[in-house]
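Listed below are the residues making up each chain.
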Amino acid sequence: MSDVKSKVEVINLCKCFGDLVVLDHCSFNVNEGDFVCVVGPTGCGKTTFLNLLTCLIEPTSGQILIDGEPANPKVHDIAFVFQEPSLFPWKTVGQNLRYGLELKKKPEDFIKSQVEKVVSMMGLEKYRDCYPSQLSVSCAQKTVIGRSFAMNPDILLMDEPYAQLDVKMRFYLEDEVVRLWKELHSTVIFITHNIEEAVYLANRILIMDNKPSKIKEEVIVELPRPRNVYSKEFIDIRSYVTEKIRWW
Amino acid sequence: MKKRSFIRDVSLAVLPFFSIAIFLSLWLWVASGDNAIIPTPVDVFNRFILFLRTPVSKTSIQRHVWVSMCRVLIGMGSAVIIGIALGALFALIPTFRSVFMPLFNMFRPIPPIAWIPLVTVWFGVGEFPKIFLVVYGCTVPITINTFTGISMVPDEFDYVSKVFHAGKWDRLRDVVFPSAIPAIIAGIKAALSSAWMILLSSEMISAKAGLGFLITRGSDSNDLALSMIAMILIGLIGSLMSLGLTFLERKLCPWETELN
Amino acid sequence: MGNRIKLSIEGVSHYFVTFNKKDIQKTHVLENVNIDVRENEFLVLLGPGHCGKTVLLNLIAGLIKPTVGEIKLDGESISGTDKRISMVFQQASILPWKTVMENVEIAPKYADIKREERRKTAQYFIDLVGLNGFEKHYPRQISGGMKQRVGIARAYSANPEILLMDEPFGALDAQTRYSMEGEILKIWEKDKRTVVFVTNNIEEAVTLGDRIILFSQAPATVKEVYDLCGLKKPRDNMSEEFLKMRDLISSNTDMLRE
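Protein chains in written order, with the working numbering: chain A, 3 to 250; chain B, 11 to 270; chain C, 779 to 1036.
These are computed hints drawn from the structure, not numbers from a lab. Each hint should be verified, as a subset may be incorrect.
Below, simulated DSBU-like cross-link-like pairs (lysine-lysine); rule was C-alpha separation at most 35 Å, straight line [what the hints assert, rightly or not]: (1) A:Lys218 / C:Lys861; (2) B:Lys172 / C:Lys968; (3) A:Lys170 / C:Lys1001; (4) C:Lys861 / C:Lys876.
Estimated spans, in silico, between C-beta atoms of each pair [said to hold, decoys possible]: (5) B:Gly87 / A:Cys16: 49 to 59 Å; (6) A:Lys108 / B:Glu166: 48 to 58 Å; (7) B:Glu166 / A:Pro75: 35 to 45 Å; (8) C:Lys799 / A:Arg181: 30 to 40 Å.
Just so it is clear, CB atoms sit at the ideal spot from N, CA and C, and this is done for glycine as well.
Please model the complete structure; the sequences and the hints are all you need to start from.
Structure below.
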């Protein structure tokens, strides 16, 4: 394996709010095409970390580099998926899917082709002209994911997007995300509490500590896809990560 | 980055003083000049110093303030007692509500100020009619808010009292009244601003002392600076009383402020 | 399980009636629910959100009367709230103007039990839920998970024969939820009573329940009853039996949020 390009480099990242140290010298790399899952206790700073990545707040010290340059939302394409469905209720599915690309002022042809690609990949042909209120939850979430992937972002950040959904839906959407990731060769950073989800999705798992947070450990997951949640290897990795975390 | 936000913070702290300074300058500019009608800030200040030494209408400045404040406080105090009692009776005793609510609703929309002529004819120009008007005006919002607060106990607490078998008085004491306190205090706050308006109107029309009296006196004797002093004093006292109420609220209702 | 039947829900259907300007709207919430609750079992009612499980719990608690059907406790029909039945609410619903101790001792207080005795009972349960030291705290000073524990201690202090729990961990974050599930099992092991526990989380149901009753979407009917007595507690949520049961139930659910 030749040296894989580092897409995101986090170097000695520290963030303090007054006296409260939230992030304490976090350092890690995310390579192009990685699917990284970040797991950690509530309140350990995952949201702060995401806010730093998207440049909503400034680090106290340290750097975040994307493609070798300091992270800058004007230059880099960073897409975000939240826990709650965040579709614009006044736009149709098709219009929602276009939104990110329109913001970045991409050429019309490119927008059309990207949206087409995503619509067919996610099976949303029938819903193109529907409004979010007319969709089921799974379709709404698929649209949200589709919107983010359509932008072909440098990095796709997902903040516990499936936390509120039940098991069946979760498995389904996890498969969708993996499919998109593979086909579009995106780089994904996915935050979750659910260890099973992390082991299912990630090729690298980063375990964060309690405040002041560091990256406690990194676990490489090299299981073939699609992954079998019953297999011994899967359970072993899941047990290992759970042991490491034991925050409850 | 840090430098930028420091400058921003300093600017934000200093700007309010700028706007006040601009206001004072405008006032000075409008008030100076040969055809000026209103007094300048300096005039007002001088008049204030004079007032501290020389009584107006044989009454010192302290006494004027005291007289107005007494009327408001006695009026509000009575209104609080009457209002809470009335609101509670309306909320808890259906018969009382059926009999007296329509009457209450008849009087409700009539503003207290409209009663001034009638009250003056009946009760004259002494203390009682003024306080009466304040009581009348303040009782209304307090009654309504008490009534709403007591009737609308949140479902969740209602269920708690049922599941754990609270008796009637237990329920009133432990669930109904505490959950109504924020609404009652909101009613009192609304009543406070009414109180000053009502008092000033009645003082401006017929009084021998008080802040409202000073306003009218000032305009009658071409002593506008006096009126302005009274206005400023009213503003100050009103703010202080409001602050006092907020403080009281926090003491009585510590759980509400935390939820906020 | 050979335990006798403590509570029986017989042919219960329930409608809510709302009066609009033109007509009367009937919302059909429950349809022909028949459930036997055995003594000292941990029974889980599982179903999608807003399917009517909370309504069923309120019916059992005696807060509302079923439109059709009967609920019997120890063979007798329930009418109104009963001292043998206690409840833990979804939003904890502890009184914000009372301390932890005052909240927990509320049921014995209303039952006119003397101060010393009821304080002892309350203290026992405060210790049991792990809130020792917080007796004089007010709800605003404690976290969401701790508020729920107060709610649980309060329900136990009423010395009920049946404990109803209405999605008590739904509003908590994932890690607190996991730890509370462990806590509730420990408490139940120590002080066994009949528990009827409502949730919309399949994994929580499989972790906690002796039996799981799966409901359909509204109007809720009983879709299936799962007996999990074979799985020993505490359950390993990575074991094959656990995962198999989880998948079995999830493939049968009408689940969707909203």
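Verification of the hints:
{"no.": "1", "hint": "A:Lys218 / C:Lys861", "verdict": "51 Å, violated"}
{"no.": "2", "hint": "B:Lys172 / C:Lys968", "verdict": "28 Å, holds"}
{"no.": "3", "hint": "A:Lys170 / C:Lys1001", "verdict": "17 Å, holds"}
{"no.": "4", "hint": "C:Lys861 / C:Lys876", "verdict": "22 Å, holds"}
{"no.": "5", "hint": "B:Gly87 / A:Cys16: 49 to 59 Å", "verdict": "57 Å, holds"}
{"no.": "6", "hint": "A:Lys108 / B:Glu166: 48 to 58 Å", "verdict": "50 Å, holds"}
{"no.": "7", "hint": "B:Glu166 / A:Pro75: 35 to 45 Å", "verdict": "43 Å, holds"}
{"no.": "8", "hint": "C:Lys799 / A:Arg181: 30 to 40 Å", "verdict": "50 Å, violated"}
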